[in-house]
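Now for the letters of each chain:
There are 2 protein chains.
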Amino acid sequence: MNQDISPLELRYRIRSGEFTSNTSGYSRGFVQGNLCILPADYAGEFLQFCQSNPKPCPLIGMATSPGDYRIPKLGEDLDLRTDVPSYRVFENGELVDEVPDISDLWRDDLVSFVLGCSFSFEEALIDDGLEIRNVTEGVNVPMYRTDIDCNAAGRFASKMVVSMRPMIPSDAIRAIQICTRFPSVHGAPVHFGDPARIGVRDINRPEFGDAVTIRDDEVPVFWACGVTPQVAVEQARPPFCITHSPGCMLVTDQPNSHLAVM
Amino acid sequence: MNQDISPLELRYRIRSGEFTSNTSGYSRGFVQGNLCILPADYAGEFLQFCQSNPKPCPLIGMATSPGDYRIPKLGEDLDLRTDVPSYRVFENGELVDEVPDISDLWRDDLVSFVLGCSFSFEEALIDDGLEIRNVTEGVNVPMYRTDIDCNAAGRFASKMVVSMRPMIPSDAIRAIQICTRFPSVHGAPVHFGDPARIGVRDINRPEFGDAVTIRDDEVPVFWACGVTPQVAVEQARPPFCITHSPGCMLVTDQPNSHLAVM
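Protein sequence lines, in the order shown, are assigned to chains A and B. Just so we're aligned, residue 43 is where the first sequence starts under our numbering, counting upward by one. Just so we're aligned, residue 43 is where the second sequence starts under our numbering, counting upward by one.
Bound conformation, chain A alone (with noise of 0.2 Å):
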């Protein structure tokens, strides 16, 4: 399938099941978002969670109310039950099922949340002409557990998970400038160098995704990460919740320039 097509067609391939895989590299220049549907009963904390922690949870759509499955903003016929390619699926925080549809599992009572993905700022970063290691060594982001905590909101409360990109210093600054163009996807770095300072054990080892090289005149470069909600989401163990699988995002009809502030 030619990756430069539009979203909309995109979410009608996925909608037919013709599109069932990573939606990495599809329709470039448009966002893709991290989903995570919950409970009413949990929403409001959760949503205090994002507001609270806006690098790793940077909410970017949420449905008008329960029961809801449209964020119209975000994509025109959007349907969040059956327009991202594969959905997982949580029972007390264990994750009990993996499904290309959730039409049969929908409840009047459940809360959509759309949250910035890494993708929006990798291909700004690559447009300026900067590598982003992961890319080039085609595997996932390596991401790694930290000491930081991050601020608690009700029953949700997590350790930030950050992903690594190891650049040359002079490009790391490149990077901070251009992600503080684009608070809503993860935004600036939240460290540099030591590993150690954040907390992360051996940066050969990330906890999630893949390991990349590291150069011997690179420092390994830090954002917050939007894995940082699913696992407050585990560690809240609530009676449901549904998000999308690694990889497998739900794409917009927003332009990734449209989230830059400035």
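Worth flagging that the hints you see were computed from the coordinates, not collected in a lab. Since this is a predicted model, take the numbers as computed values, not measurements. In this text, a Cβ means the ideal position worked out from N, Cα and C, and glycines have one as well. Fair warning: there could be bad hints in the mix.
[Claimed, not checked] Quick list of the computed label-pair ranges, beta carbon to beta carbon:
1) A/T62 with B/D244: 53 to 61 Å
2) A/R243 with B/N246: 28 to 36 Å
3) B/H300 with A/E276: 28 to 36 Å
4) A/D189 with B/G59: 55 to 63 Å
5) B/D191 with A/N246: 43 to 51 Å
6) B/Q93 with A/A194: 35 to 43 Å
7) B/D191 with A/E276: 22 to 30 Å
8) B/V303 with A/G59: 48 to 56 Å
9) B/V138 with A/N246: 43 to 51 Å
[Claimed, not checked] Residues of chain B clear of chain A, computed beta-carbon distances all greater than 10 Å:
10) S107
11) E173
12) V177
13) R257
[Stated by the list, open to error] Calculated from the model, a selection of chain A residues having no Cβ within reach of chain B, i.e. all distances over 10 Å:
14) Y54
15) R70
16) M304
Here the structure of chain A is known, so what remains is to put chain B in place on it, guided by the hints.
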């Protein structure tokens, strides 16, 4: 003298000979500039050198024509011959005199340039709650020769000189964000971390200014420095040149915030 004196009043006291010292800390909130005065024969090439190297040589004002000693946009009733506490006079690249007034030396072929200085961004960093080590320790910022080539322009060529301020990584990220807003006072840092990567030989022995404490959890952060054009002028060896004496700056009426591009 009250440091909160207005720039105009401070210039009058400098002009009258009442104020003769370093201008650091005076007229807080207003831009202070580096002064460089050259014969017209060298002015075009020096202008080109500044335009080609905006990070070390950020031009914030220039006299309209040779012989002109006023730059109205930088200050009311400003007179470049009298309003700087101390001037250095160079002949063929050699320092020959240091004087509080250059009225007697003025010539109709002299072209005046004013370049931005780090006082402005240091103030912005301090206002944001960051510590600037050279300010805390009450010394001049450490400055180093690097192996970074500036773009040559006619007879002007130089390696870049950088200033250094040690910071923990999260403060360095914040400093990069803030300084990006101020391209006309050196802008974002050019490097952080390993000094050898940019040809700095010994971080504890700066070629200009004073060494400062670097703590174990800090990295050196390097900014392009306004000493760079001075080195270029020394190497070009123009028959005649006047600059301000170190720390004795031209105090302008421009608020520092006016330099912010966003």
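- Task: Quick one: which hint numbers does this structure break? Sort them smallest to largest.
- Result: 3, 5, 6, 7, 9, 16
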